[in-house]
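Just so you know, the sequences run in chain order G and P.
Under the numbering used here, the first residue of the first sequence carries the number 1, and numbering increases by one thereafter.
Under the numbering used here, the first residue of the second sequence carries the number 1, and numbering increases by one thereafter.
These aren't lab readings, by the way, just hints derived from the structure by calculation.
Be aware that one or more of the hints could be misleading.
Away from chain G, derived, C-beta distances all over 12 Å, residues of chain P [unchecked claim]:
| hint | residue |
| --- | --- |
| 1 | 16 |
| 2 | 22 |
| 3 | 93 |
Straight-line Cα separation of at most 20 Å, DMTMM-like style, residue types lysine to aspartate or glutamate; simulated pairs [claimed, not checked]:
| hint | chain 1 | residue 1 | chain 2 | residue 2 |
| --- | --- | --- | --- | --- |
| 4 | P | 49 | G | 96 |
| 5 | P | 42 | G | 85 |
| 6 | G | 41 | P | 88 |
| 7 | P | 58 | G | 103 |
| 8 | P | 42 | G | 24 |
| 9 | G | 40 | P | 71 |
| 10 | P | 49 | G | 103 |
| 11 | G | 22 | G | 44 |
| 12 | P | 42 | G | 103 |
| 13 | G | 40 | P | 88 |
| 14 | P | 42 | G | 44 |
Every residue, glycine too, gets a C-beta built ideally from N, C-alpha and C.
The lines below spell out each chain.
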Amino acid sequence: ETGVTQTPRHLVMGMTNKKSLKCEQHLGHNAMYWYKQSAKKPLELMFVYNFKEQTENNSVPSRFSPECPNSSHLFLHLHTLQPEDSALYLCASSQDEDRGPYEQYFGPGTRLTVT
Amino acid sequence: AQSVTQLDSHVSVSEGTPVLLRCNYSSSYSPSLFWYVQHPNKGLQLLLKYTSAATLVKGINGFEAEFKKSETSFHLTKPSAHMSDAAEYFCVSGSARQLTFGSGTQLTVLP
Numbered sequence: 001e002t003g004v005t006q007t008p009r010h011l012v013m014g015m016t017n018k019k020s021l022k023c024e025q026h027l028g029h030n031a032m033y034w035y036k037q038s039a040k041k042p043l044e045l046m047f048v049y050n051f052k053e054q055t056e057n058n059s060v061p062s063r064f065s066p067e068c069p070n071s072s073h074l075f076l077h078l079h080t081l082q083p084e085d086s087a088l089y090l091c092a093s094s095q096d097e098d099r100g101p102y103e104q105y106f107g108p109g110t111r112l113t114v115t
Numbered sequence: 001a002q003s004v005t006q007l008d009s010h011v012s013v014s015e016g017t018p019v020l021l022r023c024n025y026s027s028s029y030s031p032s033l034f035w036y037v038q039h040p041n042k043g044l045q046l047l048l049k050y051t052s053a054a055t056l057v058k059g060i061n062g063f064e065a066e067f068k069k070s071e072t073s074f075h076l077t078k079p080s081a082h083m084s085d086a087a088e089y090f091c092v093s094g095s096a097r098q099l100t101f102g103s104g105t106q107l108t109v110l111p
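So here's chain P without its partners, still in its complex pose:
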């Protein structure tokens, strides 16, 4: 069985400072991993996906994530936060017709 654990339910950063959202996965095989973002009252938007082609994955809006098998982690980072990054972020593990969602991390960006 797959599972994902998002280690922080809330993260606050100041505009212009780095963002780190942490995610650990549990899987008996190399999973497909994703990060999705959800702005208030909107659907989920795919930020990036890991498919085993490269351990460092670049996504939209300057986000990237690194797959570390030894640590079973897939943390999301951005060098410099923007006010528009304030949203909820979901780490997700995928298999055929089944996505397993983490509980979400609410990112607040302070001016």
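Chain G with its partners taken away, still in its complex shape:
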């Protein structure tokens, strides 16, 4: 399998559930990202991991908890979500270097619906 994969592709969960999103990249990159894409809003960067260390956390509520066990895998653990958390969650990866061009490669996303 190539590129960036995400599972599941669709997820419906209640506000009291706990679930996890999984992302795997097969590109040999060393940086991974979680984004949230809501209708009518720009993409929001949530978390950045570089060499398995979290380097960015853009004021994301604690009900979202990332985990990066190695440079190929990234998880987003979800608990006690709110309906406004319903969105498309995108994972991306890149080769983090001092010099650009810094392009990121995206997975197909997980469509999350919180009921």
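Take the given structure of chain G and dock chain P to it, following the hints.
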């Protein structure tokens, strides 16, 4: 700080006619610039990237973009639209671990 502005939120063209999606950037230095495309319920796919090697950049599916420093623009063009081009297009500025996204342009292709 970097920013990108996509000048049109919606563009409609007829199949077989040219496509022009406009993007202006704001940066204090020569940026890395990209165009991404997103089809419904799919992730973002990289169309092309500008890295200062050449001002005219060719991408996939017949798309190209021209970097014009004097106009701070990076417009996306295609000579002849195809039905499969209907999607949302994002102009993006990049730096280390940070992508700045434009608000997107929805392209409709009419038969």
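Right, here's what the structure says about each hint:
1. Remark: the non-interface label on residue 16 of chain P is consistent with the geometry, its nearest Cβ contact in chain G lying 30 Å away (cut-off 12 Å).
2. Residue-level check passed: residue 22 of chain P sits 17 Å from the nearest beta carbon of chain G, beyond 12 Å.
3. At roughly 9 Å, the least C-beta separation between residue 93 of chain P and chain G is not larger than 12 Å, which violates its mark as non-interface.
4. Between residue 49 of chain P and residue 96 of chain G the CA atoms are separated by roughly 16 Å; this keeps the pair inside 20 Å, and the hint holds.
5. At roughly 18 Å between alpha-carbon atoms, residue 42 of chain P and residue 85 of chain G fall within 20 Å of each other, so this suggested pair holds.
6. For the given pair, residue 41 of chain G sits about 13 Å from residue 88 of chain P by alpha-carbon distance, which is consistent with the 20 Å threshold.
7. Simply put, residue 58 of chain P and residue 103 of chain G have alpha-carbon atoms about 16 Å apart, close enough for the 20 Å limit, and the pair holds.
8. Among the hinted pairs, residue 42 of chain P with residue 24 of chain G is consistent with the structure: their alpha-carbon atoms are about 16 Å apart, no more than 20 Å.
9. Taking the CA atoms of residue 40 of chain G and residue 71 of chain P, the gap is about 28 Å. The hint is violated against a cut of 20 Å.
10. Using a Cα cut-off of 20 Å, the hinted pair residue 49 of chain P and residue 103 of chain G holds, with the two alpha carbons roughly 8 Å apart.
11. The suggested pairing of residue 22 of chain G with residue 44 of chain G holds, with an alpha-carbon distance near 18 Å, which does not exceed 20 Å.
12. Our distance criterion of 20 Å between C-alpha atoms is met by residue 42 of chain P and residue 103 of chain G, whose separation comes to about 18 Å.
13. Only pairs whose Cα atoms come within 20 Å are accepted, and residue 40 of chain G paired with residue 88 of chain P is accepted, the gap being roughly 12 Å.
14. For the hint linking residue 42 of chain P to residue 44 of chain G, the alpha-carbon distance of about 16 Å falls within 20 Å, and the restraint holds.
When the structure is compared with the earlier hints, violations turn up for hints 3 and 9 and for no others.
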